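**Q** What follows is the residue order along each chain.
Protein chains: 2
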Amino acid sequence: MKMIMTLFTSLVVMATTAVSADQLIGFDEKASSEQRQLEAFFDRNIKATEQAEWLKQFSKAPHHAGSRAGKEVARSIAELFSSWGYDTQIEEYEILLPTPLTRHLEMVSPTMFTASLREDSLVDDPSTSVREGLLPPYNAFSTDGNVEGELVFINYGRPEDHELLERYGIDLKGKIAIAKYGKSWRGIKPKLAAEKGAIGTIIYSDPADDGYGQGDVYPAGPFKHETGVQRGSVMDMPTYPGDVLTPGTGATKKAKRLKIKNAPTITRIPVLPISYKDALPLLSAMSGSTVPAEWVGGLPITYHLGPGPARVRLEVRFNWDTVTAYNVIARMEGARYPDEWVVRGNHHDGWNHGAADPLSGLVALLAEAKSVAELARSGSPPARSIVYAAWDAEEPGLIGSTEWAEHHAKVLKKHAVAYLNTDGNSRGFVRIGGSHTLERFFDQVISDVEDPQTGVSLKDRLKAWLSVFGTEQQKKNNADRKNIRLYPLGSGSDYTPFLQHLGIASANLGFSGEGSGGSYHTLYDTYEHYTTWRDPDLVYGVTLSQVAGHATLRLANARVLPFDFVNLVDNIALYVDELEELAVKMRTDTARINKLIDEDVYVVALDPSKAFGPPLRKTDVPYFNFAPLKNSLEQLAKSADSLDGLLENDEGISDRKLTQLNRLLYMSERQLTRDNGLTGRPWYKHHIYAPGFYTGYGVKTIPGVREAIEIREFDEVSEQIEIAASVLDSLTAQLELVVTLLTD
Amino acid sequence: MKMIMTLFTSLVVMATTAVSADQLIGFDEKASSEQRQLEAFFDRNIKATEQAEWLKQFSKAPHHAGSRAGKEVARSIAELFSSWGYDTQIEEYEILLPTPLTRHLEMVSPTMFTASLREDSLVDDPSTSVREGLLPPYNAFSTDGNVEGELVFINYGRPEDHELLERYGIDLKGKIAIAKYGKSWRGIKPKLAAEKGAIGTIIYSDPADDGYGQGDVYPAGPFKHETGVQRGSVMDMPTYPGDVLTPGTGATKKAKRLKIKNAPTITRIPVLPISYKDALPLLSAMSGSTVPAEWVGGLPITYHLGPGPARVRLEVRFNWDTVTAYNVIARMEGARYPDEWVVRGNHHDGWNHGAADPLSGLVALLAEAKSVAELARSGSPPARSIVYAAWDAEEPGLIGSTEWAEHHAKVLKKHAVAYLNTDGNSRGFVRIGGSHTLERFFDQVISDVEDPQTGVSLKDRLKAWLSVFGTEQQKKNNADRKNIRLYPLGSGSDYTPFLQHLGIASANLGFSGEGSGGSYHTLYDTYEHYTTWRDPDLVYGVTLSQVAGHATLRLANARVLPFDFVNLVDNIALYVDELEELAVKMRTDTARINKLIDEDVYVVALDPSKAFGPPLRKTDVPYFNFAPLKNSLEQLAKSADSLDGLLENDEGISDRKLTQLNRLLYMSERQLTRDNGLTGRPWYKHHIYAPGFYTGYGVKTIPGVREAIEIREFDEVSEQIEIAASVLDSLTAQLELVVTLLTD
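Here the protein sequences line up with chains A and B, keeping their order.
Heads up: the first sequence runs through residues 1409 to 2152, numbered per my numbering.
Heads up: the second sequence runs through residues 1409 to 2152, numbered per my numbering.
Derived by calculation from the structure, the hints in this document are not laboratory data.
Just so you know, not all the hints are guaranteed correct.
Copies of the same chain look alike in the list, so a pair counts if it works inside one copy or between any two.
Straight-line Cα separation of at most 25 Å, DMTMM-like style, residue types lysine to aspartate or glutamate; simulated pairs [as the list claims (entries may be wrong)]:
#1 Lys-1993 - Glu-1880
#2 Lys-2018 - Glu-1922
#3 Lys-1871 - Asp-2006
#4 Lys-1818 - Glu-1540
#5 Lys-1890 - Asp-2006
#6 Lys-2026 - Glu-2127
#7 Lys-1667 - Glu-1499
#8 Lys-2003 - Glu-1858
#9 Lys-2018 - Asp-1533
#10 Lys-2018 - Glu-1858
#11 Lys-2026 - Glu-1702
#12 Lys-1604 - Glu-1571
#13 Lys-2026 - Asp-2152
#14 Lys-1884 - Asp-2006
#15 Lys-1884 - Glu-1989
#16 Lys-2018 - Glu-1558
#17 Lys-2038 - Glu-2127
#18 Lys-1883 - Asp-2028
#19 Lys-1884 - Asp-2015
#20 Lys-1993 - Glu-1702
#21 Lys-2003 - Asp-1888
#22 Lys-2065 - Asp-1579
#23 Lys-2065 - Asp-1528
#24 Lys-2026 - Glu-1880
#25 Lys-1591 - Asp-1617
#26 Lys-2018 - Asp-1617
#27 Lys-1871 - Asp-2015
#28 Lys-1591 - Asp-1436
#29 Lys-1468 - Asp-1533
Values in this document were obtained by computation on a predicted structure and should not be read as measured data.
With the rest of the complex left out, here is chain A (with noise of 0.2 Å):
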């Protein structure tokens, strides 16, 4: 205790003068100090109780989209934002959402085995026997099936597994994968495992990476049950989120629809996802070689690749039903600039009983949205638009909030200054992701917001973070650093639409590190999980609110947008980097092994006895022109540095020129898509930012070239360079377009 106040007293008064002396990007001297008084009226009416309350009401019952208690959520939500005065509607939308009608997974040789696909009810927290209406573990979207044949154990099913199996001779065709659930996004493993030829996957939770490898199991402690199924769509987001029969349109009665048949993003073959207590027996039946040292799992046994001899018949039949999508939509008129709008969102529904995901998040965006509704009735209302959203549909592929956005895409583009997002929260370290030109900004909020442990501000707890805790690569790119840099966006919440399909500023927020468990899209997310394991008292959705209010706050009524280009230009630079160390390294460790290929190295080094060969020769990696992309960037990084003096005197700039400059500055974001999107999936409209083809969530920066590189298409690795340096140059000419108008 004594070393924590000695730390307070050092760290937070270093950070009391800091906050009072900074003036708000964005904001004149005077106007910094009223934002703040503001921000202290605004905390004030946070209320951890109130937070409480709501998670466990709508937490009481599994709520997903499509339910009848969905729907419920859904109205309250909006009742309450009607209540505090927001213009708020329920936006409809018909989507398709497969549930299932049969799940069944049984063993018929070399033993009989019929997996049992349930969830434990427990004594210890009563919210696992609320099972109406409660969806079983299942994947949505996997195609329907009734498949057999022998297991092969591929890892966690990513490119690398891949290879290493065909190494061990391993063909999957006409085989049933079992893949272990994480290291890439589940969509990828049945989508990869279909390309090699498998029939079926299964995927399950290793007790390694989730369960009692990682610590105490709930109710005991927070992590996954035994018995405990992830539940997850597997949709082929990469290609496109949102209503797989409505891509790149919202999914209104009227639309234009796919018929099922056709529609990409359905996987191909069957999906099950299961407990490790269904695995272990599957697993314990097979042989063949020995898996990888590195691919050894928790569970008692010795893990084996097969194929077989454990055989398995695995059926999936799914209601294809559609059914009705309930956003709402609640909106605040900006006093001053209505037409320029700050949306902020979370989604409502949840795959079960969803406390921690999403309604953690949600209610801290409540207690936001009350919050900023007190301060309009107070006399301060928002200077922008504010439009909260509690988007429905989110876990079968962020589908109420892409319906919306591409529903609404026109005025969105148009209107839109910035998207923020939540999803959920838990005890720990303020971790933010978004564009690049809002990493100053953000650095700012977090300086201003109090850690409620520690009571060092956010910042400085992230900083202390990363210096213990943080990767090499973390602590290397973040050394002598003013502002923590915002780690860029892939994929996995709804920020994905207005971001990438939309070019839409975003960001997304939340608390991480200090809540584990393993609730994680199972029976087990409950309101009494989340109060006892991953943040007791809600004191950190306290510090959520206060965190995503001020930033929606200060977005709201900053004169000038605070957008910064500075911080833009040395992440590109950062990721340019990247990329010609990765072709370096690819080339390096190509040239290596394919000598040892040709000298016969492996052949020679390889235990004759085992079934293990050695990789496959691959094309030589050539030279690349990296030149233009970094001439591009070199004027970009002029053009950044001649707006950073002009808006650092911002208050000179007339009322006259305000919109038009506020206008240019969030309609930045823009210049960093294409129509055409990217190769093979134009949905993702981002050149900067996209998740990844082949990983999924994980984000590929600067993703036309990266991925072109990686999947080793070399040839078009010179197109994407001019393509990335042609969107650097766009955003170039709207930046002098700010600069012209600031020294006209």
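Since the structure of chain A is provided, determine the placement of chain B on it from the hints.
**A** Chain B alone, transformed into the frame defined by chain A:
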């Protein structure tokens, strides 16, 4: 198959050419050719079937030191040597050898459980039912004790593990430590635990390291059976090996002995090894903090640090009897230089049946000795004397070899040219550790022996292994190097008294890497296990005879002894670089961590709800003056280069000078020792190679300097650098004597 043939053609043809062109080190062209013919004759007499018969015969029953079967094995070996014409003696030593009277381990709370401490006999392996004279699982040289206390999980029981436990606020005082086997030598675990206040230590083999996590368990596969227990000595060998009562003196009947209670190498607390089956209930009953992620093992539980609530009673009592160790010593007089001895040994005692350890090495030695005798009979006796040794009581602490080396120290120091050790074998790659003065020599030996599985030379196969499987460090250290480095010797087998006590150039040879298994020191180290899983048909038994036999014969017959100092210098330079890097790394890390501590960064970063605290502040690492060591090495390098030039034309060296030359050469290793040995452990006299005081078998090169830095006795570093420099100076002086002799 095709690829192997390609390889065969490309590499072997090259090798063959190389072989016929290469002159053997220490032989002129004619003698090289004769020696090679002699080796071809030698090879023809090595028969796998004969090795298999001996293996079966000697492993038919447990034959530990002090047992009737052990005495019988010694007698049989002696008879074989005699029958082949060796002047054979059994040299006896009276050694203290505790064997268990009482072994009891029970959990007394929170539930009751009594450990079985017994290995199952298996129907599939008849040898495991041969239990007469079986030593049950125990750790030799544990002290007697009957203790009761709460369990604390200490991971591998290394210094860094204890540092982490301290950060969890866990005090070992009055507790019983439970440690995993592995990562450090077993004797270090109770030694350190006792230093931290523990009253007892249990050691178990975790299935992740040694059991089903590695592969199928015996008898379905080679890995550790759930009831298997690794026996082994916990004598404090890094202080001194051999009979605990007669340090530095041969344990002859009349030798002066310490009292048992004064023997410093007996553990201070009781120790008992157990199986993972017995460990499971104990570890399952523990609670307290969850272990750090890297500490998690392969049992299907959450691992906790404790203390308790699992409370155990551990009782071990031993029969502290003196028994006779029977070393079989077989001499063949050198025809030309009888006073120069090549000593070649492998122990014969096993913990149980001992098929892999030690018999697989011993039968290769016997085949070698038999073939050497055939050579002699056919008219090609060795020029130098060869002494074959089959040591007793290696397992409890290198006792047979140490007592013999101590007993005959004076004559050995005078006459021993080199000591070559083996200790078990398996399929795989040749691995040779030893004095770097023999590095070039062994590089040539392994260039001339064919790998039986691939047809390339042992050297090419090892190079292939290094290229594919080597660590980055190994790859870097062997890159662009003509000769493959010998690894430096720590301890763990019978070379220790020769190399580190007497300063006789030594090497340890064996094959490993493809004959895996978990039979080490268990009931399952049987003929059946060995011939099924480690080296079916003893193919590599033959190859071990060849490589060790060629080395022995070349050392025995070379006109000029094949010592080289250029490679020695190159290796010492590497070690000096390592020391400098170590100091830099420790200095940087210490400064970085101290800064984080001083600025309370840990306090902010760590989870306030967890018991895990910041590390303790450490003394800053000063800059050290490595110049004396580097200057001395520079001088040594010059002398080594001069000598190298002179020895290249060794044909010109007159017979008159030869004896003196060779004596100076083989006495060179003695110069790397000092009479007063290492600080705190005077028995260890070598100042380039030693086992680690806190790591056990693992080598510490330039140990005086390295350990002073590692254990942060910074004030001693300068003195240790001076000492290390002085032994290099001694060697330089010796080489200058040779140079003078040759240029006179």
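**Q** My question is about Lys-1884 and Asp-2006: at a cut-off of 25 Å on alpha-carbon distance, are they close within one copy, between copies, both, or neither?
**A** For Lys-1884 and Asp-2006, only the inter-copy Cα distance (21 Å) is at most 25 Å; the intra-copy one is 37 Å.
**Q** With identical chains, the pair Lys-2018 and Glu-1558 could be close in the same copy or across copies; at 25 Å between alpha carbons, which is it: within, between, both, or neither?
**A** within (21 Å within a copy, 45 Å between copies)
**Q** Treating 25 Å as the Cα threshold, decide for Lys-2038 and Glu-2127: within, between, both or neither.
**A** Within. Shortest intra-copy distance 14 Å satisfies the 25 Å Cα cut-off; inter-copy 55 Å does not.
**Q** Can you give me the call for Lys-2026 and Glu-1880, within, between, both or neither, at a CA distance of at most 25 Å?
**A** between (30 Å within a copy, 22 Å between copies)
**Q** Between copies, within a copy, both or neither: which fits Lys-1591 and Asp-1617 at Cα up to 25 Å?
**A** This pair counts as both: shortest intra-copy Cα distance 10 Å, inter-copy 23 Å.
**Q** When no copy is specified for Lys-1884 and Glu-1989, does a C-alpha distance of 25 Å or less occur within a copy, between copies, both, or neither?
**A** Cα proximity of Lys-1884 and Glu-1989: in one copy and across copies (15 Å, 21 Å).
**Q** For Lys-1884 and Asp-2015, with the copy left unspecified, which applies at a CA distance of at most 25 Å: within, between, both, or neither?
**A** Intra 40 Å, inter 23 Å, cutoff 25 Å: inter-copy only.
**Q** Given a CA cutoff of 25 Å, do Lys-1468 and Asp-1533 count as a within-copy pair, a between-copy pair, both, or neither?
**A** within (12 Å within a copy, 59 Å between copies)
**Q** Please work out whether the CA atoms of Lys-1890 and Asp-2006 approach to 25 Å or closer within one copy, between two copies, in both situations, or in neither?
**A** This pair counts as between: shortest inter-copy Cα distance 21 Å, intra-copy 49 Å.
**Q** Measure nothing new, just compare the shortest in-copy and cross-copy C-alpha distances for Lys-2065 and Asp-1528 to 25 Å and report within, between, both or neither.
**A** neither (63 Å within a copy, 87 Å between copies)
**Q** Is it within a copy, between copies, both, or neither that the alpha carbon of Lys-1871 lies no farther than 25 Å from that of Asp-2006?
**A** The answer is between: 15 Å across copies meets 25 Å, while 48 Å in one copy does not.
**Q** Are the CA atoms of Lys-1883 and Asp-2028 at most 25 Å apart within a copy, between copies, both, or neither?
**A** between (32 Å within a copy, 22 Å between copies)
Against the hints set out earlier in the document, violations occur for numbers 4, 13, 22, 23 and 28.
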